[in-house]
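Colleague: If you're matching them up, the sequences are chains A and B in order. The opening residue of the first sequence carries number 1 in the UniProt record's numbering; numbering runs sequentially from there. The opening residue of the second sequence carries number 1 in the UniProt record's numbering; numbering runs sequentially from there.
It is possible that part of the hints are untrue.
[Said to hold, decoys possible] Simulated coverage check for chain A against chain B, where a stretch passes if three residues somewhere in it have a Cβ under 8 Å from a Cβ of chain B:
| # | region |
| --- | --- |
| 1 | 119-133 |
| 2 | 252-262 |
| 3 | 298-308 |
| 4 | 376-384 |
| 5 | 497-508 |
| 6 | 523-529 |
Don't read these hints as lab results, they were simulated from the structure. Glycine is no exception: its CB is placed at the ideal position from the N, C-alpha and C atoms.
Protein chains: 2
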Amino acid sequence: MQLSNYVPVLNWGKNYKKSWLKGDISAGLTVGVMLIPQGMAYAMLAGLPPIHGLYAVTLPLMIYAILGTSRQLAVGPVAMVSLLTASGVGAIAEIGTEAFLGLAIVLSLMVGVIQFALGLFRLGFLVNLLSHPVVSGFTSAAALIIGLSQLKHLLGIDLARSHHVHEIVLSAVERFGEVNWYTLAIGLLGIGLIIGAKKISKAIPGPLLAVTFGILAVVMIGLESQGVKIVGTVPDGLPSLVLPTFTWEQVQALIPTALTISLVGFMESIAVAKAVQKRHRDYEVVPNQELIALGAANLAGALVQAYPVTGGFSRTAVNDQAGAKTGLASIISALLIVLTLLFLTPLFYSLPKAILASVIMVAVFGLIDIKEARHLWKVDRSDFWMLAVTFIATLSLGIEQGIGVGVALSIAVHIYRSMQPHVAVLGKIPGTDQFRNVDRFTDALETSGTLTVRFDGQLYFANLSYFQRQLNELVEARIPGLERIIINAEGISYIDSSAMHELHNFITNQQAKGIDVLFSGLIGPVRDAFRKNGLFTLVGQHNFYLNVKDAVEAPQTDADGRSANELALQTNLA
Amino acid sequence: MQLSNYVPVLNWGKNYKKSWLKGDISAGLTVGVMLIPQGMAYAMLAGLPPIHGLYAVTLPLMIYAILGTSRQLAVGPVAMVSLLTASGVGAIAEIGTEAFLGLAIVLSLMVGVIQFALGLFRLGFLVNLLSHPVVSGFTSAAALIIGLSQLKHLLGIDLARSHHVHEIVLSAVERFGEVNWYTLAIGLLGIGLIIGAKKISKAIPGPLLAVTFGILAVVMIGLESQGVKIVGTVPDGLPSLVLPTFTWEQVQALIPTALTISLVGFMESIAVAKAVQKRHRDYEVVPNQELIALGAANLAGALVQAYPVTGGFSRTAVNDQAGAKTGLASIISALLIVLTLLFLTPLFYSLPKAILASVIMVAVFGLIDIKEARHLWKVDRSDFWMLAVTFIATLSLGIEQGIGVGVALSIAVHIYRSMQPHVAVLGKIPGTDQFRNVDRFTDALETSGTLTVRFDGQLYFANLSYFQRQLNELVEARIPGLERIIINAEGISYIDSSAMHELHNFITNQQAKGIDVLFSGLIGPVRDAFRKNGLFTLVGQHNFYLNVKDAVEAPQTDADGRSANELALQTNLA
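Could you put the whole structure together from the sequences, leaning on the hints where they help?
Modeller: Right, here's the structure in full:
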């Protein structure tokens, strides 16, 4: 175990090539410029003063650059985590208060501790419990909620503070008469600028263009007096390093939110890191080290009064396209933000909130994924319903509940499916050595006096009684005249002690009726379990075959009928 | 669908044979005689006046006889359900109060509704989530708790009312000086009588013998004045039919207990019903109909002021051995209890509680299963820990929590295991057509330029990244020189949409590198998924083979290399 596994900066720092520098500087500056409007906008989405979004892209970025395994990942505030912060902290403190701000910082600390610990204990695999349909349904719903949450800034009116889509829409319709048309115009122009810039070239920093336009419009036309809401005074200077203070009650109340952010944030981050890594291949993305790096970044974030961060889709793509080769790009981005904090904050006084809303709205509406839903409807109906239920649960029950429902449902469906695995009766396809499912291959013929059956899936406590029932039905239907049962076990990937017990009973019962039970194609781990449980002795070593053909062609069992099956005997020992 | 499927009495009632009558009468009377002490004892265990244990074996037995599919199952109060009643109702009402009694009756109503609904909606399979190790650990712990809960009656002293074993034992040690030696002597003699009778012949009704002895001892020696606690006045006559009254708050509070009893009770009942059915074979045990029958029995129980019942081990065994052929035996048992209620209750006035305690203790200590734990330690360490954790959780956290921990743990372990299934690189065993795991078969040889890999288990969202990582590592280790990857898919029992998506990516990536991806041995349901997702087109129809050998021997892909693979083509359509 090398130190550089834990501090990947040692890898690229030692071997840094001059040729990388140009790309790193150019990407670092591009992303830094993007971060100014995005950082402030996402902080607003999270319910925090915009400046805290800038704090979040100082120290945390540098820490990730040192500890992270991805060389292009751009860490910082992202829409989903901001929304989770707003809804989670919003449930225990009023948005806009000092208490809310303090709790958001404590949340960053907690996410840091959780992610760091998950990485340390190598629990990164937990993120695999989030299936594609669940993530897709959750993301679409969250994007809808986020987009609508910005409607009030875009229209310039107070709307019902709610995460329920219908309440927001209703409230907007009711108060439509109060719309501030200057605000709406600024916001729509901002949206147009960002989308237009993207269409022309990805190199144009649309959001920064929109911000510049917004500030100029407010200053030059004097829109503030027309009721256009602006950001106002943005404190200048670097954040002071303060240890966050908290009570255990606060920590307890924040645990569900912190866990959700830890996993959802990690999932988003690892997905984009892996996607970008595929284009490079000069390094590996190591999930557990990524957790450690993100955890450390969030811990550092709590020190500089930031709220939770993670690796984001859009900025990482820009970072990569602008030529980032190492974490140096992120360090340069962070330095640009530091300079901004020191010298440029007064510029943002006149920035309209509607422009920040437009930045958020453009970012998230692209996340609503109708194509995936349509695709699943065609190819996998059960996964479509998983997506739909998660989507609806997120909209109706809430953000964290939605993802909880999705995960629980996908595990339940998985268990339910494994409770009734596919069972096939096999017959020989004439003219070949192949034995296939007689229900699918109409010319396949069962061997007389023999039931050949394939069980596809692991055999464990939850599908045991299904296995028994299926097997008994097949056996009953062939009595009298049944002489042997061949269980083709190549599809049985695992067998637990409960199943071993029942299999033992089944074999004993059949043997008592004079029916032989043979096995073919047992895989290694299952052979091990058979050996430990004494099933080789019960069944007879000579009744294990490598494939169905050998089993079917084997002579009827007699005490020394073993010679025919030497290879299988050898197999049982391997 | 015939009416007799839903009312099985029509089956045996119509075809009732005269020769069955003798067995039914003899078994019915034997079980009826057992029910008198057991019913009273288990009611005491449940925290109810003994008479309610007798009420529980009137109408419910008759209802089960009409609706149940087992012809030997003896329904009534059992130890586990009685304990669950005591702990569940005890958490919201004081044992011994009217409120407690009322809630126990409401509980019977709720269990009835839940079991009936589970049966109606064919959800009986849920009981399969209880694995053998979890049931074994839970049962042993519950038996220990039940046995110790009777210690106070056996010693004739007040002990701490607790479900924590160590508190009860500590309390007994502290107050040992207060032991009533007459009570203890009666109890120990009762235990001796029951065990002795069982040893001599199972036909001797040991508990009834103990009851008779107890009553005689109290009456003749005047033990009541020596402080021996007796049952006291037992109301005579049949229970009045009353609809239980309840509030929604009470129902809500009882839901966890009702769910646990519904499942645990059903599990005990179905297990014993299936075990007995194996000796008869003139009928089938239908799990969902059993739920309907037990549900109806519990609903009827609520009407006659009973508490939850289910099919029990010991009485069913006696019923079967005494010759029961149909549900008529249970009806006769119930009639005997009705006669007892009408005429014999005064006899039980002097019955010592220590005797009832001895009946319970003998019944439950037999349930403590150390053998199973020892067996699992040897053959399946992970299942051993499942048993141990459930045992300890039941003792330390409580009855319902224990089984909850067990079920959650066994599902978690199942998921965890399926997240990293067995993957094998295959090589050819010289002189055969067999391809086997090169790690186990030392003489198996990999084909040069070919990676042949077998993935054992379903491929779904949770093990996708594991699959990817394994495959990529194997591929990287063989570059340069790798020309084709053969995925032996006979062990892949299912594939979901997330996995399809990743498989698509993997194939595209390999093809871009000039590496062919071939598949062998796809099972039918997986072929269906491939077809729906367009993977046959992506991979090329001719790259699917029936087995590894054909795939390995196939010529390098060319546009019309299909003739070699006609059977496989046919397969893809089947």
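Colleague: Tell me the numbers of any earlier hints that the structure contravenes, in ascending order.
Modeller: Of the numbered hints given earlier, those the structure breaks are 2 and 3, listed in rising order.
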